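Colleague: One-letter residues, chain by chain:
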Amino acid sequence: MDPLQPLSQLSYDVGDFLHVLPIAIPALFGLVVLILDMYLGRGRTKTPLALTSAIGCVLAAVAAVAIWGPADGTPIMAGTLAPSAFGASASIAILLGTILIGFAVAHHAQTADGVGVESGRSVAHGELYGLLLFGTSGMLAMTVANDLVTFFVAIETLSIAVYALTGVERRRARSAEGAMKYFVMGAFSAGFLLYGMSLLYGATGTMQLDTLATVSIDPASMPLATVGGALILIGLLFKVGAVPFHAWTPDAYEGAPSSVTGFMSIGVKVAAFAGMFRVVQGLGASGALGADLAGGPVGSWVLWFVAALTVIAGNAGALTQRNPRRLMAYSGIAHTGYLLVALVAFTRQYGHGADALNAAFAANDAVAGVLFYLIAYALGNAGVFAVICHLERRGEDVDSLEDLSGLAHTQPRVALVMAICLLSLAGIPGTAGFLGKLWVFRAGVASGDIGLVVLALMASAISLYYYLRIVVLMYMREPQVGTAGASSEDDQRWCSRLAILTAGILTVALGVYPPNRLLELVVAGAKSLVG
Amino acid sequence: MALPFLEILILLPVFGALVIGLFVPREDEGAVRGATLAVTLVNFLISLPLFFTYDTAKGGFQFGRPAMDWIEPLGASIHLGVDGLSLLLVVLTTFLMPIAVLASYRGITSKVKNFHVALLVMEAAMVGVFVARDLLLFFLFFEVMLAPMFLLIGVWGGQDRIKAALKFFIYTAVGSLLMMAAMAYVYTQAGHTFDIEKIHAAFAENPLSASTQFWLCLAFVIAFAIKVPVFPLHTWLPHAHVQAPTAGSVVLAAVMLKIGGYGFLRLCLPLFPQGVTLQPEVFLGLGDLALPSIATTMSWLGAIGIVYGALMALAQKDLKRLIAYSSVSHLGLVVLAIFAGLSGEAGRQWTGGVAEGALRETLEAGHARAVTGAIFQMIAHGLSTGALFFLVGVIYDRRHTKEIAKLGGLATSAPKLAVCFVVATLASIALPTTAGFVGEVLILLGVFETNKLFAVIGVTGMVLGATYMLWAIQRVFFGPAEGENATMEDIDRVELIGVLPLLILGFVLGVAPGPFLELIEPAVQTLIQSYGG
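As they're listed, the protein sequences go chains S and W. Just so you know, the numbering used here puts 225 at position 225 of the first sequence, and the rest follows in order with no gaps. Just so you know, the numbering used here puts 263 at position 263 of the second sequence, and the rest follows in order with no gaps.
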């Protein structure tokens with residue numbers, strides 16, 4: 001549909017507005033939280049805020065599954081949104097992250113004891129939860145956006161919320177520094193994204209991803225479309241932290257408060273990956289990924305190299321990290337690499353020499369695998385960051401892995417969940433992370449990229465070392481006085497305990513016996529994208 | 001059989017671990033030990049009907065139920081069953097777990113609860129590996145057992161425990177990563193299923209090319225070779241054994257190492273028979289350069305392992321390390337037994353279906369005997385080495401050293417312990433009337449029929465085995481007892497109850513191997529039909 005069409009000619013079905021609900025609910029609850037915060041007053045416990053935002057997220061999740069789940073991806077509302085089970089599955093991962101992080105941070109800076117203020121760790125809770133929810137709203141919009149303008153608005157909504165969140169500890173220099181760095185890099189990537197969109201529009205005459213897939217591009221303007229598509233992908237690769245656009249993540253992750261780091265490591269990555277698959281689908285179907293080259297379009301080979309470099313750089317970089325947030329940043333880069341393996345498998349179907357049946361199977365497997373992987377990744381990361389938030393509550397920083405020493409002696413349950421989540425991120429069977437990894441890599445094998453899969457597996461062997469190192473510290477070293485690992489259990493922090501417990505249980509449950517409903521949803525999500 | 005025995009065998013320890021973990025107070029160590037012992041004993045009792053009611057006339061997989069959807073989009077199902085290959089290993093596992101609990105009653109004094117929870121989780125995973133008939137389920141259990149063992153070594157181990165635990169975990173996990181890629185490929189080639197029978201049927205209908213089989217087989221073989229461990233991938237084992245607490249060593253040696261051998265038999269040989277025997281120069285384009293097939297390579301590595309392990313055992317100063325190297329030697333023999341019949345050109349002709357008449361009969365008979373012996377030897381080794389590690393643990397708990405030079409003359413201060421140790425040693429060096437004798441003779445006879453050179457190397461292992469074990473006994477138990485050695489407390493009643501079943505069963509299997517062989521032989525025949533036929 002032409003964006004310049006007069007508004008009066010656009011057809012709106014009133015029922016379609018229902019599909020906005022999953023996006024609107026978090027934004028609405030964001031406002032509610034801001035208002036509620038005024039009535040709670042200073043020094044009071046802020047758990048009502050966590051509860052309110054959790055209710056909002058649960059409602060949004062229910063709405064996403066109920067409303068988007070059955071939809072088949074047909075564009076609605078003048079082509080701005082294309083709701084489908086794909087969006088619903090990705091939304092679950094995003095919302096899980098928001099809920100768990102929201103709970104984990106609930107007891108931070110209950111400034112009654114004054115500890116928070118003195119150490120410079122004052123977090124204004126109304127703002128924190130408001131921004132979390134606004135950002136979440138943008139993320140959800142990104143998973144279903146069909147129009148490139150909607151897409152951009154969604155990505156900016158989430159980005160601006162996360163920039164502000166990174167700097168939410170106003171009195172801390174490091175927090176401000178992280179926010180600044182992140183903002184500059186984010187603006188940079190937004191530039192790429194916008195420029196790419198304009199080129200793509202110039203070449204194809206459409207702003208909509210679904211028509212992009214069917215439009216026949218004039219051979220003369222094909223290079224323009226390819227360059228435009230490449231620039232959009234660069235913008236998104238920035239967001240997911242893929243090599244060579246990954247350098248900002250360790251700094252931003254280290255600078256931000258742990259809760260925010262957890263939120264952005266989950267939400268931004270999930271949303272950007274969901275967007276990336278949808279964009280790549282449009283580009284691939286229109287032929288903008290380039291000519292065939294030995295089993296796939298040129299674009300798929302470019303992604304092949306990006307994936308290979310990303311798994312290597314992420315895992316190698318994580319080996320030497322001593323700060324848990326930096327470690328998680330590099331681990332996040334590695335996970336981006338594994339997910340890119342699935343993206344490569346997905347793009348193979350656009351090669352003309354591809355065996356259609358096998359390629360469709362691989363593409364379906366790739367998307368379903370990625371959706372499951374994102375949920376597993378969200379749980380694993382949320383668990384790790386929830387534990388870190390839980391330990392930081394009294395103003396102690398967890399800035400060194402050694403701070404976790406002996407955690408299994410002082411807080412056995414917290415340590416157990418941390419260990420489970422780390423094993424899940426490492427892809428050890430019995431956890432959700434393993435099934436995700438198997439699924440994603442199986443797609444790679446099915447599409448014929450066995451070399452890339454073996455490379456990714458070898459690189460992930462490295463990850464065993466740095467994840468296990470934390471388990472070793474927690475279980476096999478004595479607690480060090482004065483660190484977070486030495487502080488004893490505190491039963492008052494039920495909110496963060498709940499977040500930790502949920503992450504642990506869900507990680508094991510999804511790894512041992514994932515519910516059929518969820519599996520059907522991710523499979524339907526793959527169907528709605530691949531067909 | 002109405003009762004879902006196999007499901008209970010897996011779930012009971014998990015359930016027990018949960019209940020003990022959540023409801024038994026940490027301080028009440030007696031209750032923790034008692035509850036764990038009760039759970040493992042009940043599990044052992046439940047596993048007994050498997051042995052006594054398995055219908056050998058019918059053969060095949062029994063006690064299982066039809067495959068049940070597990071993770072449907074991933075093509076994984078819950079499909080359990082035991083046959084002659086796995087039944088004895090299941091019973092061996094459940095039999096050893098109460099003994100592992102008894103073995104730790106003196107040595108484990110800190111974090112008692114966590115220790116026993118880890119033991120129970122490990123039992124569930126080990127039983128699971130042996131009864132899984134779905135590749136993904138097998139892999140799940142295969143890896144899940146790493147985490148509790150990692151903790152067992154790393155938390156309750158000796159001085160250098162963390163390094164040993166990491167080495168153990170990373171070695172095994174890296175091996176299985178390759179296996180994961182191969183599994184994914186098998187899935188895509190076998191009509192999108194992980195069910196081993198269905199994969200088998202699909203491959204029988206549409207055989208994979210020999211070169212594909214080779215690569216897949218290689219990935220599986222490496223994973224299992226690390227687990228066994230086969231020389232030169234064995235370096236994690238002595239380290240892990242020396243550092244592990246007694247129960248960890250007992251379980252590691254008696255059950256976990258067997259999973260490697262079991263994996264060869266259950267997955268590598270029947271799924272990729274031509275991959276095992278293919279000489280890779282056929283497709284690598286290396287012209288006349290003849291690389292040995294996987295079977296030949298593994299046979300040689302097994303043979304080298306026999307001699308190397310024995311020589312290393314001779315040179316050890318640490319008693320536990322000595323027994324660890326004796327495991328390398330014994331398991332080298334098992335690996336040799338599994339692969340010798342398929343090695344070389346003859347093996348290739350056989351699995352290629354071109355071996356005729358006498359050659360084929362000889363191969364079949366020899367291979368069947370050797371594989372039967374291999375399974376029997378795995379059980380025998382589990383009993384004898386389990387007992388040896390148990391007894392070393394008893395010594396260590398009293399003397400706080402395992403160094404042979406610091407021990408000596410223990411027979412005077414601890415006569416009962418000495419008798420037990422000598423008996424376990426005799427079982428280990430395959431004295432006639434012990435289980436080891438039956439296993440080793442079957443293996444050597446079988447290997448001799450197919451390849452005489454390998455049989456000769458195998459025999460040297462037996463000779464060296466007697467040397468290093470008896471020499472160790474002489475140094476540890478005889479001679480003058482000085483200092484603390486003279487006053488060492490003898491083995492106590494609880495420990496005696498723990499170790500006696502191992503010793504007695506070793507003799508039972510040696511004197512009356514009939515019922516056990518009857519169980520193994522038909523399963524081995526079925527196995528051989530699946531690739532030789």
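No lab work stands behind these hints: they were computed from the structure. Quick caveat, the model's predicted, so the values are computed rather than measured. You may find that some hints are simply not true.
To be verified - Stretch by stretch, here's where chain W covers chain S in the computed footprint (C-beta under 8 angstroms, at least three residues):
| hint | region |
| --- | --- |
| 1 | 426 to 435 |
| 2 | 440 to 453 |
| 3 | 456 to 463 |
| 4 | 468 to 481 |
Stated by the list, open to error - Here are some chain W residues the structure puts well away from chain S; computed CB gaps all over 10 angstroms:
| hint | residue |
| --- | --- |
| 5 | Leu233 |
| 6 | Thr235 |
| 7 | Pro480 |
| 8 | Asp492 |
Using N, Cα and C, we set each Cβ at its ideal position, and we do this for glycine too.
Colleague: State for each hint whether it applies.
Modeller: Hint check:
1. As drawn, the region 426 to 435 of chain S meets chain W at 5 residues by the rule of a beta-carbon pair under 8 angstroms; at three or more, the given contact holds.
2. Closer than 8 angstroms: that is the beta-carbon criterion, and the region 440 to 453 of chain S has 7 residues meeting it against chain W, so the requirement of 3 holds.
3. Counting residues of the region 456 to 463 of chain S whose C-beta sits closer than 8 angstroms to any C-beta of chain W gives 4, which meets the bar of three, so the coverage hint holds.
4. Chain W is given as covering the region 468 to 481 of chain S, and this holds because 5 residues of the stretch bring a CB closer than 8 angstroms to a CB of that chain, at least three being needed.
5. Under the 10 angstroms C-beta cut-off, the non-interface status given to Leu233 of chain W relative to chain S holds; the minimum distance is some 15 angstroms.
6. Look at Thr235 of chain W: its CB is around 17 angstroms from the nearest CB on chain S, clear of 10 angstroms, so calling it non-interface holds up.
7. For Pro480 of chain W, the shortest C-beta to C-beta distance to chain S comes to about 40 angstroms, beyond the 10 angstroms cut-off, and the non-interface label holds.
8. Every CB of chain S lies more than 10 angstroms from the CB of Asp492 of chain W, the least distance being 30 angstroms, so the non-interface label holds.
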